[in-house]
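Novice: Keeping their order, the protein sequence lines are chains P and H. Per numbering that gives the first Met the number 0, the first sequence runs over residues 0 to 402. Per numbering that gives the first Met the number 0, the second sequence runs over residues 0 to 475.
Since the hints were derived computationally from the structure, they do not count as laboratory data. Heads up, the beta-carbon is just placed ideally off N, CA and C, and yes, glycines get one too. A portion of the hints provided could be inaccurate.
[Unchecked claim] Each computed BS3-like pair below joins lysine-lysine, with the alpha-carbon atoms no more than 27 Å apart: (1) H:Lys-57 with H:Lys-94; (2) P:Lys-137 with H:Lys-232; (3) H:Lys-92 with H:Lys-36; (4) H:Lys-467 with H:Lys-381; (5) P:Lys-228 with H:Lys-144; (6) H:Lys-57 with H:Lys-302; (7) H:Lys-36 with P:Lys-218; (8) H:Lys-229 with H:Lys-251; (9) H:Lys-28 with H:Lys-110; (10) H:Lys-302 with P:Lys-218; (11) P:Lys-137 with H:Lys-374; (12) H:Lys-26 with H:Lys-158; (13) H:Lys-158 with H:Lys-251; (14) P:Lys-59 with P:Lys-137; (15) H:Lys-82 with H:Lys-302.
[Stated by the list, open to error] Chain P residues, not near chain H, derived (Cβ > 12 Å throughout): (16) Lys-143; (17) Ala-192; (18) Val-270.
[Stated by the list, open to error] Pulled from the structure, derived: some chain H residues nowhere near chain P, Cβ distances all over 12 Å: (19) Gly-40; (20) Ser-95; (21) Gly-104; (22) Ser-257; (23) Arg-279; (24) Ala-408.
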Amino acid sequence: MTIEIRVPQLPESVADALLVTWHKQPGDSVARDENLADLETDKVVLEVPAPNNGVVKELKVEAGTTVTSGQLLAVIEPGSAGEPVGKASAKAASKSGGPAAAAAAKAPVEDAGKLSPSARRLVEENQLDASDIPASGKDGRITKGDVMGFLDGKSSPPAATAKAPAAAKGERSEQRVPMTRLRQRIAERLVEAQSTQALLTTFNEVDLQAVMALRSRYKDQFERTYGVKLGFMSFFIKASIEALKKFPLVNASIDGSDIVYHEYYDIGVAVSTDRGLMVPVVRDADLKSVAELEKEIGTYASRARDGKISIEELTGGTFSITNGGVFGSMLSTPIVNAPQSAILGMHKIQERPMVVDGQIVVRPMMYLAMTYDHRIIDGREAVQFLVAIKDSLEDPGRMLLGV
Amino acid sequence: MAEQYDVIVIGGGPAGYPAAIRAGQNKLKVACIDEWKNHDGTLAFGGTCLNAGCIPSKALLESSELLHRAQSEFAIHGIKTGKLEMDVAAMQKRKSGIVKTMTGGITALLKGAGVTPLQGHGKLLPGRRVEFVAHDGSRRELSAKHVVLASGSVPTALKAVPFDGKQIVDSWGALEFDAVPKRLAVIGAGVIGLELGSVWRRLGADVVVLEALPDFLAIADQQLAKEALKHFKKQGLDIRLGAKVTGAAAQKSGVVLSYTDTAGAAATLEVDRVIVCIGRRPFTAGLFAEKSGVVLDDRGFIKVDEHCRTGAENVWAVGDCVRGPMLAHKAKEEGVMVADLIAGLYGHTNYDVVPSVIYTAPEIAWVGATEEQVKASGRAYKLGVFPFMANGRARAMEAAHGFVKLIAAQDDDQILGVHIIGPMAGELIAEAVLAMEYSASSEDLQRTIHAHPTLSEALHEAALAADKRAIDSLNR
Numbered sequence: 000m001t002i003e004i005r006v007p008q009l010p011e012s013v014a015d016a017l018l019v020t021w022h023k024q025p026g027d028s029v030a031r032d033e034n035l036a037d038l039e040t041d042k043v044v045l046e047v048p049a050p051n052n053g054v055v056k057e058l059k060v061e062a063g064t065t066v067t068s069g070q071l072l073a074v075i076e077p078g079s080a081g082e083p084v085g086k087a088s089a090k091a092a093s094k095s096g097g098p099a100a101a102a103a104a105k106a107p108v109e110d111a112g113k114l115s116p117s118a119r120r121l122v123e124e125n126q127l128d129a130s131d132i133p134a135s136g137k138d139g140r141i142t143k144g145d146v147m148g149f150l151d152g153k154s155s156p157p158a159a160t161a162k163a164p165a166a167a168k169g170e171r172s173e174q175r176v177p178m179t180r181l182r183q184r185i186a187e188r189l190v191e192a193q194s195t196q197a198l199l200t201t202f203n204e205v206d207l208q209a210v211m212a213l214r215s216r217y218k219d220q221f222e223r224t225y226g227v228k229l230g231f232m233s234f235f236i237k238a239s240i241e242a243l244k245k246f247p248l249v250n251a252s253i254d255g256s257d258i259v260y261h262e263y264y265d266i267g268v269a270v271s272t273d274r275g276l277m278v279p280v281v282r283d284a285d286l287k288s289v290a291e292l293e294k295e296i297g298t299y300a301s302r303a304r305d306g307k308i309s310i311e312e313l314t315g316g317t318f319s320i321t322n323g324g325v326f327g328s329m330l331s332t333p334i335v336n337a338p339q340s341a342i343l344g345m346h347k348i349q350e351r352p353m354v355v356d357g358q359i360v361v362r363p364m365m366y367l368a369m370t371y372d373h374r375i376i377d378g379r380e381a382v383q384f385l386v387a388i389k390d391s392l393e394d395p396g397r398m399l400l401g402v
Numbered sequence: 000m001a002e003q004y005d006v007i008v009i010g011g012g013p014a015g016y017p018a019a020i021r022a023g024q025n026k027l028k029v030a031c032i033d034e035w036k037n038h039d040g041t042l043a044f045g046g047t048c049l050n051a052g053c054i055p056s057k058a059l060l061e062s063s064e065l066l067h068r069a070q071s072e073f074a075i076h077g078i079k080t081g082k083l084e085m086d087v088a089a090m091q092k093r094k095s096g097i098v099k100t101m102t103g104g105i106t107a108l109l110k111g112a113g114v115t116p117l118q119g120h121g122k123l124l125p126g127r128r129v130e131f132v133a134h135d136g137s138r139r140e141l142s143a144k145h146v147v148l149a150s151g152s153v154p155t156a157l158k159a160v161p162f163d164g165k166q167i168v169d170s171w172g173a174l175e176f177d178a179v180p181k182r183l184a185v186i187g188a189g190v191i192g193l194e195l196g197s198v199w200r201r202l203g204a205d206v207v208v209l210e211a212l213p214d215f216l217a218i219a220d221q222q223l224a225k226e227a228l229k230h231f232k233k234q235g236l237d238i239r240l241g242a243k244v245t246g247a248a249a250q251k252s253g254v255v256l257s258y259t260d261t262a263g264a265a266a267t268l269e270v271d272r273v274i275v276c277i278g279r280r281p282f283t284a285g286l287f288a289e290k291s292g293v294v295l296d297d298r299g300f301i302k303v304d305e306h307c308r309t310g311a312e313n314v315w316a317v318g319d320c321v322r323g324p325m326l327a328h329k330a331k332e333e334g335v336m337v338a339d340l341i342a343g344l345y346g347h348t349n350y351d352v353v354p355s356v357i358y359t360a361p362e363i364a365w366v367g368a369t370e371e372q373v374k375a376s377g378r379a380y381k382l383g384v385f386p387f388m389a390n391g392r393a394r395a396m397e398a399a400h401g402f403v404k405l406i407a408a409q410d411d412d413q414i415l416g417v418h419i420i421g422p423m424a425g426e427l428i429a430e431a432v433l434a435m436e437y438s439a440s441s442e443d444l445q446r447t448i449h450a451h452p453t454l455s456e457a458l459h460e461a462a463l464a465a466d467k468r469a470i471d472s473l474n475r
């Protein structure tokens with residue numbers, strides 16, 4: 000039984016894509032998730048991952064051809080010794096029209112013993128990998144609803160970058176792995192930003208005692224009321240917006256020789272995924288409640304990991320927030336997401352001895368970093384902006400009062 | 000000089016004693032103050048639950064049910080009995096013995112956990128000091144880092160029918176009758192009223208239950224309530240709905256109750272004894288000083304957040320004296336939660352999955368949402384009902400009455416509520432509570448093996464019935 004490889008669902012604003020390069024030829028063997036071809040659109044380079052191990056039978060389209068959503072690109076003969084054939088989830092295929100791509104499950108399913116009977120059935124019937132499914136049950140268990148929701152929203156998973164083959168021990172050979180188109184584009188944009196903008200970073204630290212007390216006091220009630228966990232990011236977004244209102248230059252961008260002041264607050268929230276860093280934008284964040292922000296961030300995070308963020312959601316944005324703290328970063332110099340003019344970096348919360356009213360006390364501290372474009376933001380503004388964020392976080396009541 | 004404790008628990012009932020024991024297990028220095036005094040003057044821990052509620056009522060329900068079964072069921076089994084008689088004094092002696100054993104057990108458990116038991120009245124003063132007055136009048140002042148208020152509740156009085164402790168009694172008094180009243184009126188057809196009414200009915204009393212509301216068991220799933228009413232009527236409980244009692248006149252020959260019936264017409268009822276059980280209200284008399292920082296809500300409950308913290312720092316309140324269902328198991332969970340939170344550990348009470356049980360025969364139990372509540376929420380649902388008539392074990396037990404009803408969501412199959420009327424409902428509901436704690440789907444229950452022949456299979460079949468795949472009954 001052969002598998003058809005089709006052009007993945009292109010985003011709404013993109014009419015077609017250019018098949019730039021074939022990485023495989025008929026007769027070549029492919030590994031699951033290995034990139035078969037590069038499709039270039041106006042804004043981003045898309046990869047076409049192999050859904051399964053197999054051998055390329057036929058390429059239907061030549062390099063350099065313009066293709067559209069769902070168009071047949073190639074045919075693969077699946078399977079090698081012992082590898083189970085991936086079964087297309089009918090729902091996913093009809094939704095995305097993408098490659099027959101339901102993940103070939105590692106048989107047997109990991110942690111199958113910990114799944115409830117109904118979840119186990121659904122996972123086996125659809126050949127899923129339980130570790131892909133976000134869990135909402137007690138102690139992180141997967142409920143039947145979780146699997147059903149996962150199947151509803153499934154489309155072709157993002158490809159892991161082609162794994163470099165491991166060198167045998169003791170050999171001093173080199174591995175040459177070409178950068179994926181996506182990584183090349185990211186590299187280009189970063190260098191462009193660095194050389195156009197005058198980027199500097201200013202630092203401060205914030206005492207998160209008040210925020211943490213607020214969180215622990217209300218998080219159960221919050222979760223019961225809104226069905227979503229109360230995290231930290233929404234506090235930082237709110238604090239940032241208050242500061243952006245006081246320092247509108249930080250929310251502005253340079254266009255040619257004009258400064259464009261944006262009278263809206265679209266905040267990019269950085270999410271780390273296997274494919275790289277993505278910064279989906281929360282539109283009109285100032286008009287959203289904490290609960291709405293948490294819901295949106297949560298949805299973005301899981302969709303980003305599934306590779307389901309559209310290009311529209313990644314563009315625009317007037318200010319961004321990145322959090323290196325989840326990886327353990329104490330302090331860093333984030334890079335601005337051009338054409339924005341500034342970015343706020345959050346870091347690890349660390350308990351440190353601080354002096355308060357002449358006494359030494361233990362406080363949960365976080366270093367804050369703000370990288371800004373000095374072309375339009377002066378040092379004094381940048382420092383005061385960061386101080387404004389610090390003040391709002393150390394005394395959240397100020398955000399309520401607008402002082 | 001104040002005695003210092005880490006935790007002082009005021010109240011030694013099903014909220015207080017677990018809080019004290021868990022605090023002791025958490026290696027804290029704990030004192031538990033309790034002022035319970037029995038009618039005979041003896042002191043005991045365990046509160047209303049052990050002394051005047053849960054435990055004694057279950058003992059009497061068991062004894063009276065056995066008499067009923069001997070009278071109505073033994074013959075079917077082929078057991079020949081002569082004339083059956085009831086020795087009420089012996090029944091009460093057995094009950095008292097059980098209560099004494101259980102309350103003695105609590106004292107032993109408290110001591111075993113390193114808790115200092117203090118019998119007398121405790122009052123919270125500002126700054127977490129506690130004034131302790133023993134029953135002999137001696138006063139001491141204690142102080143603690145944390146105080147847990149667990150003072151419980153008392154029966155609500157009905158102004159029109161004041162208690163006199165002899166002919167007009169509350170639920171506690173009803174448990175202590177030394178003889179079966181010829182005619183008994185029960186005001187309030189709630190859980191307590193139905194249980195007490197059942198006990199004395201089975202022992203031979205003519206029982207009239209007067210319920211002010213027009214609906215029977217409004218808090219329960221209505222399909223369940225309808226089935227229950229059918230059974231109680233068959234047992235001879237004369238349940239009159241919409242009956243509002245307006246007065247009581249105690250006479251030598253008994254008590255004459257005046258009430259307005261469901262049509263609004265005036266009526267009277269003459270009985271030998273009246274039990275007033277229209278509900279319970281939080282008991283906080285003399286519990287805390289004005290400036291202690293503890294605040295009551297407009298219904299008299301101590302105001303607390305979802306972790307049972309009051310407005311005063313490091314002062315907590317649990318059990319019947321705070322909001323939520325007035326159930327001993329909810330009280331226990333809160334007591335334990337608070338003791339863990341005080342020790343800096345994780346503590347949580349899941350108020351969404353608290354089961355309710357009525358220990359009549361047939362027994363009634365439920366957890367989660369009623370069908371009416373699910374309908375009102377707008378969420379599409381499916382339901383499965385399995386009658387005990389089709390359950391082999393129930394038939395063998397001569398108890399094939401009632402059913403198991405399971406409600407699940409249409410969208411993701413999550414179990415939303417389980418309602419049981421029938422044999423051992425109070426035990427069977429535990430499986431449903433566990434399932435719902437794990438957000439289980441009806442399919443999860445369908446795919447779980449249940450031993451045969453057991454009553455628990457009825458829950459299995461009800462889950463299957465929700466998807467019209469029951470094996471042991473026709474799927475309609």
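Novice: Now tell me if each hint is right for this structure.
Specialist: Hints, one by one, checked against the model:
no. : hint                     : verdict
1   : H:Lys-57 with H:Lys-94   : 9 Å, holds
2   : P:Lys-137 with H:Lys-232 : 43 Å, violated
3   : H:Lys-92 with H:Lys-36   : 18 Å, holds
4   : H:Lys-467 with H:Lys-381 : 10 Å, holds
5   : P:Lys-228 with H:Lys-144 : 31 Å, violated
6   : H:Lys-57 with H:Lys-302  : 32 Å, violated
7   : H:Lys-36 with P:Lys-218  : 41 Å, violated
8   : H:Lys-229 with H:Lys-251 : 35 Å, violated
9   : H:Lys-28 with H:Lys-110  : 12 Å, holds
10  : H:Lys-302 with P:Lys-218 : 19 Å, holds
11  : P:Lys-137 with H:Lys-374 : 26 Å, holds
12  : H:Lys-26 with H:Lys-158  : 47 Å, violated
13  : H:Lys-158 with H:Lys-251 : 21 Å, holds
14  : P:Lys-59 with P:Lys-137  : 48 Å, violated
15  : H:Lys-82 with H:Lys-302  : 56 Å, violated
16  : Lys-143                  : 4 Å, violated
17  : Ala-192                  : 44 Å, holds
18  : Val-270                  : 26 Å, holds
19  : Gly-40                   : 44 Å, holds
20  : Ser-95                   : 42 Å, holds
21  : Gly-104                  : 32 Å, holds
22  : Ser-257                  : 46 Å, holds
23  : Arg-279                  : 26 Å, holds
24  : Ala-408                  : 8 Å, violated
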